[in-house]
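Protein chains: 4
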Amino acid sequence: MSDGAPRIGVWFAGARGSVSTTAIVGGLAIAHRLADRTGLVSELPVLADVALPAFEDLVFGGHDVDPIPLPRRAELLADAGVVPGALVRKLVGDLGEVDHRIRQVTPLPAGGQAEYAARIEHDLREFRDREACERVVVVNLSSTEPPLAASPAHADLDALELALRGSDRVLSTSSLYAYAALRAGCSFADFTPGSGARLPALAELAQRQGLPWAGSDGKTGETLVKSALAPMFAMRNLRVRSWAGTNLLGGGDGATLADERATASKAASKARVLGEVLGYEVDAPLHIDYVPDLGDWKTAWDHVSFEGFLGTRMAMQFTWNGCDSALAAPLVLDLARLLARAHDAGRSGPQAALAFFFKDPVGTDEHRLAQQFESLVEWAHGLGGRS
Amino acid sequence: MSDGAPRIGVWFAGARGSVSTTAIVGGLAIAHRLADRTGLVSELPVLADVALPAFEDLVFGGHDVDPIPLPRRAELLADAGVVPGALVRKLVGDLGEVDHRIRQVTPLPAGGQAEYAARIEHDLREFRDREACERVVVVNLSSTEPPLAASPAHADLDALELALRGSDRVLSTSSLYAYAALRAGCSFADFTPGSGARLPALAELAQRQGLPWAGSDGKTGETLVKSALAPMFAMRNLRVRSWAGTNLLGGGDGATLADERATASKAASKARVLGEVLGYEVDAPLHIDYVPDLGDWKTAWDHVSFEGFLGTRMAMQFTWNGCDSALAAPLVLDLARLLARAHDAGRSGPQAALAFFFKDPVGTDEHRLAQQFESLVEWAHGLGGRS
Amino acid sequence: MSDGAPRIGVWFAGARGSVSTTAIVGGLAIAHRLADRTGLVSELPVLADVALPAFEDLVFGGHDVDPIPLPRRAELLADAGVVPGALVRKLVGDLGEVDHRIRQVTPLPAGGQAEYAARIEHDLREFRDREACERVVVVNLSSTEPPLAASPAHADLDALELALRGSDRVLSTSSLYAYAALRAGCSFADFTPGSGARLPALAELAQRQGLPWAGSDGKTGETLVKSALAPMFAMRNLRVRSWAGTNLLGGGDGATLADERATASKAASKARVLGEVLGYEVDAPLHIDYVPDLGDWKTAWDHVSFEGFLGTRMAMQFTWNGCDSALAAPLVLDLARLLARAHDAGRSGPQAALAFFFKDPVGTDEHRLAQQFESLVEWAHGLGGRS
Amino acid sequence: MSDGAPRIGVWFAGARGSVSTTAIVGGLAIAHRLADRTGLVSELPVLADVALPAFEDLVFGGHDVDPIPLPRRAELLADAGVVPGALVRKLVGDLGEVDHRIRQVTPLPAGGQAEYAARIEHDLREFRDREACERVVVVNLSSTEPPLAASPAHADLDALELALRGSDRVLSTSSLYAYAALRAGCSFADFTPGSGARLPALAELAQRQGLPWAGSDGKTGETLVKSALAPMFAMRNLRVRSWAGTNLLGGGDGATLADERATASKAASKARVLGEVLGYEVDAPLHIDYVPDLGDWKTAWDHVSFEGFLGTRMAMQFTWNGCDSALAAPLVLDLARLLARAHDAGRSGPQAALAFFFKDPVGTDEHRLAQQFESLVEWAHGLGGRS
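Residue numbers (my numbering), protein chains in the order written: chain R, 4 to 390; chain G, 4 to 390; chain F, 4 to 390; chain C, 4 to 390.
Fair warning: there could be bad hints in the mix.
All copies of an identical chain are treated as equivalent in the list; a pair is satisfied when it fits inside any one copy or across any two copies.
As the list claims (entries may be wrong) - Dumping the calculated SDA-like pairs for lysine to any residue here, alpha-carbon to alpha-carbon at most 20 Å:
(1) Lys93 / Asp39
(2) Lys93 / Gly314
(3) Lys93 / Asp82
In case anyone wonders, no lab produced these hints; they're calculated from the structure.
Using the sequences and the accompanying hints, generate a full structural model.
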């Protein structure tokens with residue numbers, strides 16, 4: 004622990020999943036000087052003066068429906084080549100300690116949402132107190148969920164609290180989680196494509212509690228590349244005619260997305276980039292395929308057909324072969340550190356400057372990666388430096 | 004011609020080559036409202052307020068060693084699918100008119116460089132006077148040349164002028180061309196990878212003449228993509244381990260680049276992007292292959308190996324299938340319009356803000372496409388708007 | 004016309020579609036010595052001794068629901084870069100002549116199938132008589148249709164003829180067409196993925212009439228490559244773990260396949276290759292996307308994940324960028340010539356040796372391209388040589 | 004050891020390299036029932052009746068200039084993900100035993116070739132006697148060497164033996180090794196692209212000794228795919244216009260091939276496939292790049308431009324991402340088993356039927372993979388089955 008610095012809780016919904024496990028292994032490894040900081044945006048030289056919490060001061064905890072202990076999950080990831088086996092062996096004790104701070108939960112039941120939320124809130128408060136954390140950041144890493152049906156109760160907080168006491172299901176898991184987190188005084192980041200805190204009632208709650216939040220849907224692969232490449236066509240006045248994409252995913256996310264309703268949620272989130280960046284609608288068919296043998300790896304192929312001077316037709320293709328957990332985990336740590344600092348600096352409400360991390364950023368239509376990065380840097384510097 | 008506006012001469016070294024012919028066909032087509040403005044950066048809405056010369060006011064001329072008339076060159080490009088045949092048929096008269104303004108030249112002889120330069124200068128002055136152009140922009144579109152051997156005469160203008168009178172070859176074709184253009188009071192853009200105006204003696208001449216210049220090596224394909232993608236890795240703190248590239252080119256440029264010395268010049272220019280953007284040296288083998296059957300088309304394949312969180316190794320690949328002339332021609336027109344305006348606005352010396360157009364930009368180390376674009380827009384707005 | 008040789012009718016269902024138009028343009032061009040024979044399997048040196056009908060002796064005709072005349076269809080294909088415009092201009096008279104032999108038809112109505120079949124049969128007989136053709140080959144090039152619902156009437160010919168007199172729809176368009184063609188004494192090839200002649204009742208009819216037939220679903224792109232590549236993995240004992248494919252199609256076929264039921268028919272036909280060649284089931288998600296801006300062009304991306312010695316995981320990817328009509332048209336001409344010869348040589352029933360041309364070959368499980376080619380060559384030589 | 008079966012020596016020149024180490028690990032693992040037989044051609048069902056030596060009866064030995072012990076080499080390969088670490092840990096004792104049978108050698112000196120050959124021959128005889136092997140197969144796995152300068156001494160055996168006694172270097176390492184192996188009565192396979200046994204003098208020696216031999220240059224990646232794909236274009240009468248290839252290699256082979264003379268030898272061997280299969284010359288630029296960060300992995304990109312019906316231009320691309328050692332090692336074991344059986348069956352001289360394994364097969368111009376496989380199967384069945 005760094006000398007006299009406050010402890011910061013980092014609480015994951017879905018704490019035993021691949022992304023969370025990789026983030027915890029990495030966070031612990033860095034705290035113990037066992038790993039370098041590649042992949043962490045918050046460690047770039049340009050952000051060196053921002054007073055972010057040290058890795059030694061992060062305390063991990065969370066919820067999961069899965070009972071498999073964290074050290075075992077880490078071993079499985081090591082076997083799959085996602086994290087180094089030697090690292091997992093060195094950290095087995097620390098991982099066991101974190102595992103004691105993970106509470107097993109049941110999936111969200113059809114009724115009793117108020118009780119469920121109260122249970123989450125209670126766990127969060129208890130965690131903060133027991134671990135003596137100055138503040139806690141909650142990051143939603145649970146599975147992609149189907150789109151939430153609209154409800155009048157989403158429009159304001161009183162209506163929502165009333166509806167929650169009824170027996171109908173009014174909030175999706177991610178939104179119920181956001182509700183509980185905000186009530187417990189925790190900042191919130193939604194790394195999955197669900198509704199999360201993006202309902203007027205929840206925005207109201209965040210404002211009332213003075214809490215910053217961010218989301219949604221971590222930008223880790225094909226969409227990341229899109230947000231770097233689509234501006235190139237725009238800046239050169241080249242007209243994109245079609246942009247077709249195919250994503251092959253193994254692992255848990257792939258299995259979830261094979262459920263068509265969940266895919267709809269994800270695909271909608273991925274599609275926004277092009278229209279916003281190019282300023283016109285493009286024919287952009289997009290597929291997400293579950294290919295179990297790929298494990299934690301994801302391969303995407305994109306084919307861009309575009310038109311240049313005097314109507315000449317040209318094409319670009321790319322394939323991206325990434326390890327999803329390795330790409331997402333450092334961003335999760337970045338978000339936790341940045342939100343903790345923003346909370347400390349008195350920021351509240353949706354943080355549009357964190358758009359850099361998300362496929363479907365809250366509070367802004369800016370999807371161009373370079374502009375998002377500039378906003379992030381400016382915002383972070385505005386939070387105040389090391390004293 | 005737009006009402007009362009001054010005529011602007013656009014003079015190409017290599018005026019019957021593919022890029023130049025496509026630029027002239029396109030420039031005429033736009034002036035006659037026969038083509039839209041896709042591919043022209045200078046026509047983006049963000050630059051709408053900059054008072055650039057209208058296409059109707061551009062007067063094309065140039066030099067070439069090739070005697071084939073421009074209308075015939077345009078037909079050949081139409082057969083190759085680079086420009087629409089119907090457009091060429093409509094413009095055959097205008098193309099013939101331009102062809103009368105193209106002077107055939109011999110290749111640069113071993114001795115007699117002063118005479119050669121005087122001949123170029125004379126042709127430029129005569130063109131300006133005869134065509135009643137307010138100003139003339141010279142764009143070098145001649146073939147890639149071998150790197151220029153260093154000489155003490157490059158260091159200052161007096162030494163250079165003395166050396167030119169001797170019988171030794173002291174300047175490459177592109178530099179001799181720049182020398183003549185600047186002496187004739189023309190602004191200058193070097194779209195090929197040679198030395199052009201980048202010698203202290205020539206920079207001195209430009210300054211003395213109060214002329215703006217830009218270069219070098221038009222960024223039209225693989226390097227364009229690199230300058231959009233490499234920053235993505237940097238912003239995400241992903242460590243690029245290797246970036247290998249292969250370029251297959253047909254056409255005249257491919258044949259020239261099959262000459263190994265010329266390739267060296269081109270490859271050096273392409274390699275700069277990565278080191279500058281990433282801030283560390285990357286293993287980046289690069290090939291340029293001449294594949295005659297590809298004609299004016301260029302296919303590039305790049306393979307990027309990179310490392311993420313906890314050392315995980317990932318890869319990205321892209322292929323780019325572009326028509327080189329269709330990509331280069333609008334940029335050439337952009338440069339002519341922007342330099343004419345800059346000249347008019349009293350700018351002189353190397354224009355770093357035009358880096359957006361070049362693989363190896365003069366006056367700046369900025370290779371990130373988004374930042375280059377921002378500089379360009381700011382600079383153009385600084386030139387003053389439509390009155 | 005070649006001296007004294009019999010005329011052979013080539014009748015297309017879908018005679019004004021892209022494939023048919025390209026085949027007719029090409030067939031006429033070769034007859035007039037205006038084009039070479041690239042793409043024609045029947046012109047390979049190894050088949051030089053087989054006594055196939057000469058291109059001068061082919062007489063084209065057909066049915067279509069589309070009234071646009073053939074010369075206009077050919078012009079549109081020339082504009083799209085599928086056939087050379089100069090060729091179309093030279094053949095405009097011949098194309099008009101063929102167009103006079105194309106009968107416009109209504110789409111298959113819900114009832115009255117017997118009458119519809121009788122109308123087709125009548126047109127075929129009239130064509131043969133009027134044009135004095137020794138024999139006629141019918142090739143189905145109509146659009147992909149949804150899978151046909153099973154019916155007891157498919158099991159034998161008497162039951163089928165009885166059912167056709169009723170008002171229920173018992174045959175798909177392709178099967179009704181096969182029925183009419185066989186009744187008219189024409190050999191039949193099904194180049195689309197439908198049921199065609201593959202019903203026991205129709206096989207019985209072909210046998211009774213002594214007619215050879217072949218099908219189905221022309222193998223022109225991704226599946227062609229699969230049938231060349233999958234055997235490589237098998238011969239090297241490399242275990243394919245997944246083989247994912249995406250097809251981007253513009254043009255008429257793409258639009259039809261955007262209809263999900265039609266896609267099901269096509270995808271099923273494409274999927275057979277892997278299981279048959281590898282001998283085990285492979286996870287093989289497959290998409291067909293309609294991307295209008297691609298026109299007659301098709302781009303496919305396949306990603307193959309495989310396992311080698313000691314479990315090492317490796318991958319191969321390919322992209323195929325083909326012009327569907329240019330790939331299909333010569334195969335259609337090959338099939339017409341080969342079936343005409345087979346008919347002449349007294350062959351009847353399903354011709355398994357023509358599997359080389361089809362995604363879903365009738366009469367064989369052999370999907371390996373090299374073995375299919377060997378069967379084809381042997382079979383063709385068995386038909387007897389030039390006398 | 005299988006009951007009463009004779010022991011077969013498998014001797015590797017380059018026994019501590021990656022391919023050899025992988026082959027030994029795999030051979031031992033299979034003998035101990037610790038690994039399955041994926042990747043082994045000799046284990047395909049179609050060859051089940053050929054009486055090949057069992058893995059339990061193979062005895063490994065060899066030469067290397069590298070002193071690093073085999074168990075350590077295997078650990079390094081496990082760290083690089085080429086072989087499973089768990090397997091190496093289980094086999095560490097057996098690997099140590101094999102290591103005792105590996106003799107360290109100096110690189111071939113400038114003079115004294117006769118002595119060097121005698122030393123190799125002596126080691127081979129001693130190995131066979133000490134290990135009581137019925138026969139020994141020598142496989143050359145040493146590094147790629149520059150092309151051998153022609154010499155009159157290559158033409159016949161007497162001249163060669165005379166020249167070897169002189170002080171000039173008359174044979175390359177691979178040929179000197181072949182000479183020694185054949186003198187020692189061992190069959191020989193050349194898995195590298197060098198001259199090996201392909202000199203008339205050595206062929207004479209093999210014949211005199213009654214020994215079978217095979218070569219050269221193992222076909223494991225890009226060329227393997229070429230030999231499966233090029234026939235597809237030929238069989239469909241599609242005209243290949245260019246076939247450009249780029250190979251990125253890390254590891255020892257990459258470093259060697261960065262030496263331009265060695266590359267020349269490899270590239271020549273790779274280029275033969277296309278001309279032989281297609282029957283015409285194709286523009287086929289080919290690069291081999293050394294990219295250290297890729298380790299034992301190899302990524303190849305090939306771009307094929309081809310012409311179809313009526314001159315339509317199309318393209319295909321593929322990328323191959325393979326682990327060279329994992330692809331080569333099982334082929335090395337296949338060759339050892341097949342040559343041992345061929346020797347036993349009385350075959351001598353170059354074995355053209357083993358072309359399936361090689362980029363540059365001896366004794367045949369057949370490069371089509373399917374035909375090579377058929378020859379292999381027929382030949383193997385001709386060796387006689389299990390008694």
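Subject >> Alpha-carbon proximity between Lys93 and Gly314, which holds within one copy, between copies, both or neither at 20 Å >> reply: between (60 Å within a copy, 16 Å between copies)
Subject >> Intra/inter-copy verdict for Lys93 and Asp82 if alpha-carbon distance must be at most 20 Å >> reply: both (15 Å within a copy, 17 Å between copies)
Original post:
Between Lys93 and Asp39, at a C-alpha cutoff of 20 Å, which is it: within one copy, between copies, both, or neither?
Top reply: within (15 Å within a copy, 32 Å between copies)
Checked against the numbered hints above, the structure violates none of them.
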